[in-house]
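Participant: Go ahead and model the full structure; you've got the sequences and the hints to work with.
As you go down the protein sequences, you meet chains W and A in turn. Taken in order, the first sequence gives residues 15 to 261; the numbers are from our numbering. Taken in order, the second sequence gives residues 416 to 534; the numbers are from our numbering.
Worth double-checking, as some hints may not be accurate.
[Said to hold, decoys possible] Partner residues aside, some chain A positions facing chain W, computed with beta carbon under 7 angstroms: (1) 511; (2) 512; (3) 518.
[Unchecked claim] Negatives, chain A to chain W, calculated, CB over 10 angstroms: (4) 423; (5) 440; (6) 460; (7) 469; (8) 477; (9) 492; (10) 498; (11) 501; (12) 502; (13) 514; (14) 517; (15) 519; (16) 523; (17) 530; (18) 531.
Just so you know, these hints were derived from the structure itself, not from any lab. By construction, the Cβ of each residue, glycine as well, lies at the ideal position given by its N, Cα and C atoms.
The primary structure of each chain is shown beneath.
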Amino acid sequence: MNLSLIIPAYNSATVIRGTLNTLLAYLPSHFSAFEIIVVDDASTDGTATVAREAGARVISHPYNIGNGAAVKTGIRAATGDTIVLMDGDGQHNPRDVPRIFEVLRNSGCEMVIGSRFVDGSHPHTSFARSLGTRFFRAILRPILGRAVHDPTSGFVGVNRAALEVFSRSFPLEYPEIEALVVLQRRAFRFEEVPCRMRPRTAGRSSITAFKSLYYIIHVLLGVFVNVLKYEGRRRRLLRRRTEPAKA
Amino acid sequence: MDRLLNLSTILGVALLLLVLVSVRRAHIRVEYSVSWLTAAVVLLILSRSHGLLEWLAAWMGVTYPPLALLMVVFSVFLMVFFRFSVIISQLKDANIALAQRVAILEFHLRSLHEEAPQQ
Numbered sequence: 015m016n017l018s019l020i021i022p023a024y025n026s027a028t029v030i031r032g033t034l035n036t037l038l039a040y041l042p043s044h045f046s047a048f049e050i051i052v053v054d055d056a057s058t059d060g061t062a063t064v065a066r067e068a069g070a071r072v073i074s075h076p077y078n079i080g081n082g083a084a085v086k087t088g089i090r091a092a093t094g095d096t097i098v099l100m101d102g103d104g105q106h107n108p109r110d111v112p113r114i115f116e117v118l119r120n121s122g123c124e125m126v127i128g129s130r131f132v133d134g135s136h137p138h139t140s141f142a143r144s145l146g147t148r149f150f151r152a153i154l155r156p157i158l159g160r161a162v163h164d165p166t167s168g169f170v171g172v173n174r175a176a177l178e179v180f181s182r183s184f185p186l187e188y189p190e191i192e193a194l195v196v197l198q199r200r201a202f203r204f205e206e207v208p209c210r211m212r213p214r215t216a217g218r219s220s221i222t223a224f225k226s227l228y229y230i231i232h233v234l235l236g237v238f239v240n241v242l243k244y245e246g247r248r249r250r251l252l253r254r255r256t257e258p259a260k261a
Numbered sequence: 416m417d418r419l420l421n422l423s424t425i426l427g428v429a430l431l432l433l434v435l436v437s438v439r440r441a442h443i444r445v446e447y448s449v450s451w452l453t454a455a456v457v458l459l460i461l462s463r464s465h466g467l468l469e470w471l472a473a474w475m476g477v478t479y480p481p482l483a484l485l486m487v488v489f490s491v492f493l494m495v496f497f498r499f500s501v502i503i504s505q506l507k508d509a510n511i512a513l514a515q516r517v518a519i520l521e522f523h524l525r526s527l528h529e530e531a532p533q534q
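Facilitator: See the structure below:
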């Protein structure tokens, strides 16, 4: 099995069939072996049944435990050596999956982010979301040592090395930004590839106006805890990598 | 001052009784009752022992001894609340891990049923 596609889903019955149909029509011409795993986070609208009927392998949580936990469940059950994570709400275009896969295979980096902004484009997003993205870009730049254009994309591909890390320590809440720091602190590399995201066709963002402040505090805390926790380890890894080169 | 200390004694006794009754009825587990029992005993001892309370107030630089009692009780309760936050966090992590494991096992079980030849 080469590719495992993981789609965490919560109350996405109206849109997930379309996403899965596009994936199942498009992926066979690009991949000889792949699996699509939908992790249903205790939806109440029959998302699991719809996804199963559409041809996905479905894992159902017994109760709602959050998006990050759903991704982690998918990672643990996946059999592929490369994983692409995408949303089930129709925002991520299935046609971008092969590009993420190719870059992941050819670049030698551990993570590839499907980015809305990397090619200089400015897709329409709400003012608050745009402000949030800019804020986290500014925070992440000194921590990651390079620019990241779309840290909240959620459309990412990771290889086996990153999977092993994620299966143990994938953040359970609001995972996108913290996951990036988790990998970078282990001296893993990432790339961004341009992707076109579509407007959400079903459901609502989990980050409402009231939750925005909680989101910012939660993510910042998670980022700084990771920075403090892994700084020593990251330096040791980098030293180990440069020492043989010098010798 | 005496009225405040008497009220603290009543509160201490009430807390002690509540915890003991709850443990007896298995509403709380013994290991989690220890924190509350400690808090109740500290409250009782300090509210009944004027000498100890005055020494404590002098040591803390507080001129009004009941204030020292309130600060000690507040600190003990703060530690109890923090301990419970740690326990709740551990429980939540354990619960999530369990839910994930159940979900994955169910997934494998369903796959096995689907792969098994129809009899």
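Participant: Would you mind marking each hint as holding or not holding in the structure?
Facilitator: Hint-by-hint comparison with the structure:
1. 511: 5 angstroms, holds
2. 512: 9 angstroms, violated
3. 518: 5 angstroms, holds
4. 423: Label holds. Min Cβ-Cβ 37 angstroms, cutoff 10 angstroms.
5. 440: Residue 440 of chain A is indeed farther than 10 angstroms from all Cβ atoms of chain W, at 28 angstroms.
6. 460: Given that every Cβ of chain W is farther than 10 angstroms from that of residue 460 of chain A, nearest at about 39 angstroms, it holds.
7. 469: Since the minimum Cβ distance to chain W is about 43 angstroms, residue 469 of chain A lies beyond 10 angstroms and the statement holds.
8. 477: 35 angstroms, holds
9. 492: Holds, since 25 angstroms exceeds 10 angstroms.
10. 498: 20 angstroms, holds
11. 501: 15 angstroms, holds
12. 502: Non-interface label stands for residue 502 of chain A: nearest chain W Cβ at 18 angstroms, farther than 10 angstroms.
13. 514: Residue 514 of chain A not clear of chain W: closest Cβ-Cβ about 5 angstroms, inside 10 angstroms.
14. 517: 6 angstroms, violated
15. 519: 5 angstroms, violated
16. 523: Answer for residue 523 of chain A: violated, closest chain W Cβ roughly 8 angstroms.
17. 530: 12 angstroms, holds
18. 531: 16 angstroms, holds
Comparing the model with each earlier hint shows violations of hints 2, 13, 14, 15, 16; every other hint is respected.
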